[in-house]
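One gets the numbering used here by counting positions in the sequence shown from 1 and adding 167 to each.
The reader is advised that the hints may include incorrect statements.
With a cut-off of at most 35 Å between alpha-carbon atoms, the simulated DSBU-like pairs for lysine-lysine come out as follows [claimed, not checked]:
| hint | residue 1 | residue 2 |
| --- | --- | --- |
| 1 | Lys516 | Lys348 |
| 2 | Lys348 | Lys502 |
| 3 | Lys521 | Lys531 |
| 4 | Lys502 | Lys530 |
| 5 | Lys516 | Lys530 |
| 6 | Lys348 | Lys522 |
| 7 | Lys348 | Lys530 |
| 8 | Lys521 | Lys502 |
Listed next, with one range per pair, are the computed distances between beta-carbon atoms [unchecked claim]:
| hint | residue 1 | residue 2 | range |
| --- | --- | --- | --- |
| 9 | Ala240 | Thr397 | 17 to 27 Å |
| 10 | Lys530 | Ser440 | 50 to 60 Å |
| 11 | Ala240 | Ser208 | 42 to 52 Å |
Worth flagging that the hints you see were computed from the coordinates, not collected in a lab.
The beta-carbon is built from N, C-alpha and C at its ideal position, and this holds for glycine as well.
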Amino acid sequence: MSSSPTFSIATLHFDDAPSSPCALLIDTRIALHLPTPTRPSRTTPLTDNGTPLFFEIKSAGAHKGLGMFATRAIPTGALILVEHPAIITPANVHFPSSEARDEAYRALFDALPDHRSEELRTMTNCRPEDVTHEEGISRTNGTAVELGHPDEIEVEAREYGAVFLTINRSNHSCGPNAAHKWDLASFSSSLYALRPIAPGEEITMIYTDVTQPSTTRRAHLLSHYGFLCTCPFCTLPPTSQSASDAARFELREWRHTRPVYAGWATDLCRADSFVLDSHFAALELIRREGLEGMESAFVREVCLCYAVLGEEGEFREWAGRLEGLSEVRDPGMAKEVRGWLGDVKSVPKWGWRKKKRMQMTRKKKQHEEEEEEDPADYFSPLMF
Numbered sequence: 168m169s170s171s172p173t174f175s176i177a178t179l180h181f182d183d184a185p186s187s188p189c190a191l192l193i194d195t196r197i198a199l200h201l202p203t204p205t206r207p208s209r210t211t212p213l214t215d216n217g218t219p220l221f222f223e224i225k226s227a228g229a230h231k232g233l234g235m236f237a238t239r240a241i242p243t244g245a246l247i248l249v250e251h252p253a254i255i256t257p258a259n260v261h262f263p264s265s266e267a268r269d270e271a272y273r274a275l276f277d278a279l280p281d282h283r284s285e286e287l288r289t290m291t292n293c294r295p296e297d298v299t300h301e302e303g304i305s306r307t308n309g310t311a312v313e314l315g316h317p318d319e320i321e322v323e324a325r326e327y328g329a330v331f332l333t334i335n336r337s338n339h340s341c342g343p344n345a346a347h348k349w350d351l352a353s354f355s356s357s358l359y360a361l362r363p364i365a366p367g368e369e370i371t372m373i374y375t376d377v378t379q380p381s382t383t384r385r386a387h388l389l390s391h392y393g394f395l396c397t398c399p400f401c402t403l404p405p406t407s408q409s410a411s412d413a414a415r416f417e418l419r420e421w422r423h424t425r426p427v428y429a430g431w432a433t434d435l436c437r438a439d440s441f442v443l444d445s446h447f448a449a450l451e452l453i454r455r456e457g458l459e460g461m462e463s464a465f466v467r468e469v470c471l472c473y474a475v476l477g478e479e480g481e482f483r484e485w486a487g488r489l490e491g492l493s494e495v496r497d498p499g500m501a502k503e504v505r506g507w508l509g510d511v512k513s514v515p516k517w518g519w520r521k522k523k524r525m526q527m528t529r530k531k532k533q534h535e536e537e538e539e540e541d542p543a544d545y546f547s548p549l550m551f
């Protein structure tokens, strides 16, 4: 059995943001595996005067505090913001006393420059009674991130949450229009649009599992974040709410219960539209429920379906869509798709079903022609 971990405070500095370091309360075993941060491959889009191009932070209304709002139209997949976290804390931490614990969280905040620690202390704290203000802020605003660690470290010791001074100003919606992607190498997260965002529209992300029923989502948000969700997907009439809950359950289970590309691609007993019809139905549910964060996997399989069918026009249309969805979320996928668009025949199994169908048609036609021949033609004529 492993001994109790020891925690220490570490600070990471970033060449691209020298005045915005990150302070970590971290297991000393994991601290040894922290990377030397590289520069992010992308930077926050800015206007000519150096302000963020796509958003502003302002009041989100009564009882909501601050929020993030679009200052201009933001297209699907567009990068909104790249940010280093202010602090990172463990999900599970043990100290010999509550006093030692309190002191550790205060020291964590104090390890930051004044301008960062002061802004950090203005963030929402939904746990004011049982922990210090600093720990309450850490636990209220922390979003899960992965850190490097040795394989032998127990699973529960690997869980960490990061607090971002700007990304965390994005409020929750059960039909979010944005998401962010953590990159360990640069120790940064990139916020990007999941669907088109209109000027003046609030930029939102998720704080809970949005495939759960509305009652479950609202209960979790109330207990963990201190608010009752009033987003459009939680305030539907009863009949519509039940239909929405059912649709979200269906989407959560879809890939476990519905046809997928891998099982269909070389199964000629299945119709060519078998997976496409299923995925189009899923994509319509995704659109209706505002869950565009789920669509990439379906769009990728639609691309592969059209590839194995050899339908170049449709393939290019959907591959272009997949490339846009993947630029920030999965740069490796975006690069692969660009390769496909440069040479469609490089896609695995390009045109396989089309070729097999043509072969089957030729064989069937040949067989039918053979059956139509006069049997007498197979024998020499009678001599008498």
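Let me make sure I understand: some of the numbered hints might not hold for this structure. Which ones are they, in numerical order? Violated hints: 4, 6, 7, 10, 11; rest satisfied.
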